[in-house]
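Taking the hints into account, I'd like the entire structure generated from these sequences.
Number of protein chains: 2
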Amino acid sequence: MSGPRLLLIAGTHGNEVNAPWLFKQWSKESGLIDTYGIETERVLGNPEALSVCKRYLDMDLNRCFRPDLLESTSSPLREVLRARELLNLYGPRGMSPCNMAIDFHSTTSAMGSSVVIYGRRYCDLAFAALFQSCLGLPVYLHEGDQAEKGFLVEQWPCGLVIEIGPVPQMVLDCGIISQTRLVLSACFELIAAVRNGRQIFPDCLVVHRHVKSIDFPRDKQGDITSYIHPERQGSDWRPIRQGDSLFMGFNDEPVKFDEQDSFSPVFINEAAYCEKHIAMSLTKREVWNLDKDWENSLCSIVCS
Amino acid sequence: MSGPRLLLIAGTHGNEVNAPWLFKQWSKESGLIDTYGIETERVLGNPEALSVCKRYLDMDLNRCFRPDLLESTSSPLREVLRARELLNLYGPRGMSPCNMAIDFHSTTSAMGSSVVIYGRRYCDLAFAALFQSCLGLPVYLHEGDQAEKGFLVEQWPCGLVIEIGPVPQMVLDCGIISQTRLVLSACFELIAAVRNGRQIFPDCLVVHRHVKSIDFPRDKQGDITSYIHPERQGSDWRPIRQGDSLFMGFNDEPVKFDEQDSFSPVFINEAAYCEKHIAMSLTKREVWNLDKDWENSLCSIVCS
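So the protein lines, in turn, are chains A and B.
Basically this note's numbering = 1-based index in the first sequence + 23.
Basically this note's numbering = 1-based index in the second sequence + 23.
For the record, the hints were derived by calculation from the structure and aren't laboratory data.
Hints are not guaranteed to be accurate.
Copies of the same chain look alike in the list, so a pair counts if it works inside one copy or between any two.
[As the list claims (entries may be wrong)] No more than 27 Å apart at the CA atoms, straight line, and that leaves these computed lysine-lysine pairs for DSS-like: (1) Lys299 - Lys77; (2) Lys243 - Lys77; (3) Lys172 - Lys77; (4) Lys307 - Lys279; (5) Lys51 - Lys243; (6) Lys243 - Lys279.
Shown next as structure tokens:
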């Protein structure tokens, strides 16, 4: 029986150190995680940034996989060069081609462990549904965001991001390492079960669909004037409704949430998103029935 | 009545953003904190590092106040230049001289709010005792550490560091801001009371005296092989005894604490200390009687 070729990436952001550390231990001790015989490539996304403890050197690597950047022959940005290199090595038409990719991240937000998918590719939806069914992970569907594009996993036929938090940047944390290992193990179990035709898909997928991101309140100079309200801090996934406290400063009443719809915020106060002017992202929780075409799409990749 | 000239520093480390943010709000809204008429200079320690979200550019500014570095005329390190500049501006013999300094920091360790003093200067001990008596803050006495020297506040006749955590680097956090503001307000109250001769000093000071720092277990390549044990993570100040779990890896039993003496660890898993090869620092908790000479020393500075 053939199978997928799986690319596992850690350290796409050089200051997220837990998955890279786990990968290193795994390379020293191959039995640490059972791969069920699945062919796997493990790679550090941005080793140069990792070596200097920075998220990135010139540009966020996980925003560099945009066609315009990848196709431009003149870009001097080191992360764009690295994006091309990763594709040349492990891309679907690379030297050691992979058809599935899982990119391991951590966050300072209190999101626990979650799956992030980019757009509605059938195979991603099916794979996310399996993670949800197996580990109970919430799924954040990122789509329709013109400001944030060019994610790594979009370049592989099937691919998703695992986000685990909360953890400060540059901190090795027992809980985060343990969660990362758990998700990694589950990943192989799930793919192996699909390959063997033994996987039972759930009936539905709960998605948190990205609607928009909101920035901190700022003054005319662009300086942040209010911080995340204590009732919101650490409250990722918990619905926010009109009139709920959102931000807080010293001299005013709390800034209240002022939309008629309710939303579930994610990436609340993620350290790296402040520079992107994102205080949190708002999602709608929706329950989608699983489609047989999703399963077929994932199965065709896993059994290719 | 005359009084002290107080230097308040925020952002000595450019990725510790809460105190700098609070200082900015305070500069816009002078009534935010009651200074009790005490003459105050407020300054960002390392604005250049802050603007690029880094702890430092060339060298940790809070290790640059070493005589050999300050006196060398040839150092090209930007933080050494900044250290000289701060002394030229606000040092005891500077253009706008100050005789007390308080340096506001944050930490990823779960230390809560604490006072750090460097060595046993009488005035520092007395001032720390006042903070402890007023707010219940633990006091970490850093001394006798040949590897870590050149702290900013040592250059002022009286000076201490306030550490507040846990908070990730680069995250504005409601609790940290609120704690920083509380300590800042208390600082003015305490100095004003000393100046007015109305301050009652406590009978004793509980110090956590620095004994030594310990590194993560590492392999021959220098790579970390074990992380902080779950029982230690977040357990700053809580005593550790022989046989307690200290570190944890995948393939071994936990690394146990193996000293006959018990210690109280601090700065457990501080993100910035990994590069200094410090997994935590071990302290001895001691109760010292307050000495009248300490009070006199502080009073003479406050009423100078």
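Going down the list of hints, with the structure as the test:
Taking the shortest alpha-carbon separations for Lys299 and Lys77, both the intra-copy value of 16 Å and the inter-copy value of 16 Å come in at or below 27 Å. Within a single copy, Lys243 and Lys77 get their C-alpha atoms only as close as 29 Å, which misses the 27 Å cut-off; across copies the closest is 25 Å, which meets it. Proximity of Lys172 and Lys77 under a CA criterion of 27 Å is satisfied in both settings, with 21 Å inside one chain copy and 25 Å between copies. In this assembly of identical chains, the alpha carbons of Lys307 and Lys279 lie at most 27 Å apart only when taken from the same copy (19 Å versus 47 Å across copies).
For a Cα distance limit of 27 Å, the shortest separation of Lys51 from Lys243 across copies, 13 Å, qualifies, whereas the shortest one inside one copy, 53 Å, does not. Taking the shortest Cα distances, Lys243 and Lys279 sit within 27 Å of each other inside one copy (20 Å), while across copies they are farther apart (54 Å).
Every hint from the earlier list agrees with this structure, and none is contradicted.
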